[in-house]
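Enquirer: So you can see what is in the structure, the chains are spelled out below.
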Amino acid sequence: MSTSIVLDGVTKTFTLRYHRTIKQMSVAKARGLETSRSFRAVDDVSFTVEQGESIGLMGLNGSGKSTLLKVISGVMKPDEGSVLTRGRIAGLIATGAGFHPQLTGRENLYLNAAILGMSEKETNRKFDEIVEFADLGSRLDTQVGHYSSGQNARLGFSIAVHVESDIFLADEALAVGDKPFKRKCLAKMREIRDSGRTIFYVSHATGQVRKMCNRVLVLEAGRLAFDGGVEEGIKFLHYDNDDEEEYGEDLEDDDGDFDTGDDI
Amino acid sequence: MRFGARRRAAGKHAGDRNRRGRSPQLPPQVEDGPAPTDSVQPVAPVQPVAPVEPERDVEPEREVESTAERVYPPVPEPEAQPEDQPERQPEPEAQQEPGDDEPELDLDDDSLADVPLSDLPQEDRRRERRRRREVRQRDRKEVAAVAAAEHAARIEDVPLTPPSANNGLLAVFQKRYLLKLLVKREVSARYQSSFLGLIWSYIGPACQFFIYWFVLGTILGLHKSVENFGIHIFCGLVVVHFYTETFAAGTRSIVRNKSLVAKLALPREMFPVASMLVSLFHVFPQMVILIAGCIALGWTPDPTGMLAMVLGFLIAMLLGTAGALLFSAANVYFRDFGNVVNILHMFIRFSVPMIYPYSIVHERFGQAAHYYLWNPLADCVLLIQRAFWVGTTSDLHQTEAEHLPPDLLIWGAGMVGLGIVMLTIGQLVFSKLESKIPERL
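So the sequences go chain by chain: A and B. If you're matching positions, the first sequence starts at 1 in this note's numbering and goes up one per residue. If you're matching positions, the second sequence starts at 1001 in this note's numbering and goes up one per residue.
If we strip away everything but chain A, and leave its shape as in the complex, we get (with noise of 0.2 Å):
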């Protein structure tokens, strides 16, 4: 086993601007009020994952967690700190950004899949399958932009999930899509993750996390507030209370596979 994902204090400071215009700057200057103030997204934050853990990242809204897995992909670089991470990174990061509204499905899924890393040969090889996974019938040779927000997102999504990677990052990424599609997504996660790949998670669905994780991480406030087991996590972020049970029962289908686990 070899690590997979290391991060070692990594710090994340945004600056809040309150005024962009110079008249609204030089009123605000005059009266002494201040115009900016930063604040830490991500606050001395240390881990480290093996490969083919499945990390569930969870918090509260604005504590944090889409701005630590931009920062595990490498789309922001940390202010403090390192970040260190093994092979290629993939995910449902940003499915279907990029899509140009007025080119059909068939380029966008090219151009995509290059975006996300895919060379050529492996988008050809890959071709058919993520076509078939995507489900979009005749209309993939459409124009996206007549597209439905659903299929929109499923052509995004069956893109995403394709690519070969080493670490597979998700961020609340089954908002969208019918119920059949998420449980698909669901099973084709869940094959990611028996291939021995790291995945790292966020979700607020305790149901899903339940599902998909060996590991949860919490975060509050920008801080590493809690590293361990799956339920303790939830149990920590009080997601297991009373209403939970009423949602979070009812993960299993009755056809005893696997259900989306959505919390609403």
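Heads up, some of the hints might be wrong.
Unchecked claim - On the chain B side, residues computed to face chain A include the following (Cβ under 7 Å):
(1) 1151
(2) 1153
(3) 1433
(4) 1435
Please keep in mind that the hints were generated in silico from the structure rather than gathered at the bench. Glycine included, C-beta positions come from ideal geometry on N, C-alpha and C.
Fit chain B to the supplied structure of chain A, relying on the hints for placement.
Expert: Here is chain B on its own, set in the frame of chain A:
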């Protein structure tokens, strides 16, 4: 066993939470499908779906996958729980479900594999369904194990690296395939739903050409003093248009591709470079028109001229990309830079010897005229004129001596050097600003 436990836990679908308390033998699902045929039987916990879905059960696994996409059945494989996953709801009674006492299944006994389940007697059907399910599960686990082993072997040699490693422009040219697709996207998307399509790329320059040609040539009488004044203008227009397009589109490129830049770790230099290549693409048809016009006026290519052309375009490319890099990053911080570019373009159009010949500059400024040549775009336009316009005039050498500065090629080479310096500066500034781009977008 876990499936039985979980299934019973699922009360929500019935809309009645009391159901959770009922006897475990009752099949839980009644409302999601046709009345199950074996619903009165005590159900083995590992037994699959209660409602009969003939398509899924009668066909071998592989074909299920393909039909599956249309009908959207639930994913056929049962849940495989890794051991290390915590038990969520330990329900001891689940272990003693009657179904568990069924005789051992011989998983490799595929004598019934091709028989549709509906043709089997009920007892066999149940067993066969269970057998197929376990075979699937086993196969899936095997596949996963193989994949995991392969992956583990592959990942061994990969070093730990910072995820945001980025080599600027070099990385862009390593990702040529993506660059190609981005350029293609821009080119084909720009005029996708317009009737005239690509022709619009020429209407703009063509209008400009005719305005200059008429106002300056005919009204101000430059036709008389400059031979083939039309070609003279067009040479300048091609390269100036290319430069301004690169600069303007490049400046907007990062903000325009917000969704990608803010979420994916691509080399962000990609976008300004792609804008430059898109503009370059639009130069080709203009060049075709220019060359056709030149040939009609008796132009033949000469080596010095061709060298001048290459130098000219090189200057425009380098400077355009440098400007695009600088301004695209700056534009993220303050959108004001987009407006600055528009003002710059106004100056550019009149600071190059396009609508007036260089000889006029020389006449007016005398010795000071060589400061005019410190404007790289002026050299750029002069080089293109050397390549095309000079060849169309009646006396090549006289035109060159009269209307072009001496040592033009040396100026050109020097400006290419300046372009490289500018590009380096652009890259350095871009790298500096880049790290904050995602949060400022």
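Enquirer: If a hint holds in the structure, say so; if it doesn't, say that too.
Expert: Verification of the supplied hints:
1. 1151: 4 Å, holds
2. 1153: It is violated, given that the least Cβ distance between residue 1153 of chain B and chain A is near 10 Å, above 7 Å.
3. 1433: Violated: closest Cβ of chain A sits about 12 Å from residue 1433 of chain B, beyond 7 Å.
4. 1435: 5 Å, holds
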